[in-house]
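With the hints as constraints, model all of the structure from the sequences given.
Protein chains: 2
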Amino acid sequence: MEETGNPHPYVPTDLLLPDYVPPFLSQSAILCIYGVASLVVLSTVWVSSGFSRKIAKLDRLLLCWWAFTGLTHLILEGYFAFAPEFYKDKSGFFLAEVWKEYSKGDSRYAARDSGVVSVEGLTAVFEGPACLLALYAIATRKSYSYILQFAISLGQLYGTAVYFITAYLEGDNFAASPHYYYAYYIGANASWVVIPSLIALRCWRKICVAVNVADQKKTKTKSR
Amino acid sequence: MEETGNPHPYVPTDLLLPDYVPPFLSQSAILCIYGVASLVVLSTVWVSSGFSRKIAKLDRLLLCWWAFTGLTHLILEGYFAFAPEFYKDKSGFFLAEVWKEYSKGDSRYAARDSGVVSVEGLTAVFEGPACLLALYAIATRKSYSYILQFAISLGQLYGTAVYFITAYLEGDNFAASPHYYYAYYIGANASWVVIPSLIALRCWRKICVAVNVADQKKTKTKSR
Chain A
1 MEETGNPHPY VPTDLLLPDY VPPFLSQSAI LCIYGVASLV VLSTVWVSSG FSRKIAKLDR
61 LLLCWWAFTG LTHLILEGYF AFAPEFYKDK SGFFLAEVWK EYSKGDSRYA ARDSGVVSVE
121 GLTAVFEGPA CLLALYAIAT RKSYSYILQF AISLGQLYGT AVYFITAYLE GDNFAASPHY
181 YYAYYIGANA SWVVIPSLIA LRCWRKICVA VNVADQKKTK TKSR
Chain B
1 MEETGNPHPY VPTDLLLPDY VPPFLSQSAI LCIYGVASLV VLSTVWVSSG FSRKIAKLDR
61 LLLCWWAFTG LTHLILEGYF AFAPEFYKDK SGFFLAEVWK EYSKGDSRYA ARDSGVVSVE
121 GLTAVFEGPA CLLALYAIAT RKSYSYILQF AISLGQLYGT AVYFITAYLE GDNFAASPHY
181 YYAYYIGANA SWVVIPSLIA LRCWRKICVA VNVADQKKTK TKSR
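As given, the protein sequences belong to chains A and B, one line each in that order. Under the UniProt record's numbering, the very last position in the first sequence is 224; numbers go up by exactly one each time. Under the UniProt record's numbering, the very last position in the second sequence is 224; numbers go up by exactly one each time.
Don't take each hint at face value.
Heads up, the list lumps identical chains together, so a pair's fine if it works in one copy or across two of them.
Claimed, not checked - DSBU-like cross-link-like pairs, simulated, lysine-lysine; straight-line CA separation at most 35 angstroms: (1) K218 <-> K88; (2) K57 <-> K222; (3) K54 <-> K218.
If you are wondering where the hints come from, they were derived from the structure by calculation, not from laboratory data.
Given below as structure tokens:
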């Protein structure tokens with residue numbers, strides 16, 4: 001079968017992407033826009049949460065993380081999950097540009113690998129909104145704050161595990177070069193291994209302490 | 001490419017399974033052995049947990065579930081995850097027979113679909129041992145009992161979601177007949193949607209109550 005359209009830069013080179021349209025923005029332009037947008041989100045959350053004296057510094061950092069990761073899930077991953085033909089985009093739409101670029105680190109995005117689409121779909125539909133709920137739960141000190149943060153973090157870890165294991169099982173040959181492999185496939189995903197692990201551990205500990213306190217109170221009440 | 005060995009009973013029929021060996025046991029024999037083994041596990045846990053007056057009835061039911069699901073994850077799914085050539089088994093080994101039979105409901109097992117192998121691997125390696133830890137945690141009333149049960153249940157739900165979504169994205173055409181589709185693919189997996197959802201909800205509520213109690217105690221201590 002002859003491939004129509006432009007040749008694509010992805011690996012494996014025999015991947016068929018008919019009507020592929022190369023990105024309009026350079027790598028540095030895409031990273032710069034994503035970086036600046038993220039910085040705007042982070043600084044807005046950091047500064048605005050500083051107005052409340054009730055929110056501790058660690059919680060302000062967590063608010064920043066949940067805003068950043070939540071918007072990434074909803075906007076970036078949400079677009080990918082429901083735009084199977086992003087690689088054909090001719091309009092220069094930024095979100096299509098991002099995935100055209102990221103596919104250099106993992107061509108399964110352009111190839112619409114079912115494992116990747118499943119994980120990204122679950123992340124966008126369930127974890128994205130849940131992250132924004134976590135922002136609200138932390139800011140208003142809801143009793144479900146820890147268990148919600150734990151649930152999202154575990155979902156992120158499970159998703160990342162499926163993401164890496166499926167790639168390994170499929171031959172781990174989806175990056176256009178070692179540069180893209182380490183920068184995109186490993187580097188860009190590392191935060192979603194390290195940070196959710198730390199948050200899950202913290203929530204686990206906080207919840208165990210709370211259960212202990214509640215149990216002691218119950219025992220005291222009973223023994224009176 | 002010519003296929004060697006026996007023709008297989010799976011769908012899609014053009015799936016290549018060289019050296020496939022048909023099962024030695026009938027469907028009813030396989031289900032009967034699995035059923036009896038499960039009943040032995042369930043009744044052993046139910047009866048032995050009844051000797052302790054400290055363990056409530058609901059907790060005894062939960063012990064039964066964690067023993068059943070934990071052993072299923074460890075033994076059945078553990079075998080599948082690390083036995084890529086089970087369909088070639090000539091010895092009549094029971095675990096190979098189970099997967100030869102189950103593949104009639106979902107041929108991705110015989111075909112070694114990467115999404116299925118990832119989920120089954122994670123389930124066997126992490127969730128199997130964690131289920132047995134949950135047994136210990138419930139029986140000895142550890143403070144991490146709820147959060148552990150919540151974590152496993154969420155993992156089971158995430159795994160089942162990936163399992164169903166990948167099948168849907170790949171065309172949902174892996175069952176040998178509607179009978180196998182509904183009995184194996186839907187029926188056998190339904191418990192791992194319903195029960196983990198109920199347990200996760202219960203743990204969420206229990207944890208929220210405990211956090212509330214602990215928070216109130218903290219506020220009281222501060223205001224004294």
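### Task
Evaluate K57 and K222 at a C-alpha cut-off of 35 angstroms and name the case that applies: within, between, both or neither.
between (38 angstroms within a copy, 20 angstroms between copies)
### Message
My question is about K54 and K218: at a cut-off of 35 angstroms on alpha-carbon distance, are they close within one copy, between copies, both, or neither?
### Response
both (29 angstroms within a copy, 15 angstroms between copies)
### Query
Is it within a copy, between copies, both, or neither that the alpha carbon of K218 lies no farther than 35 angstroms from that of K88?
neither (62 angstroms within a copy, 57 angstroms between copies)
Violated hint for the displayed structure: number 1, the only one.
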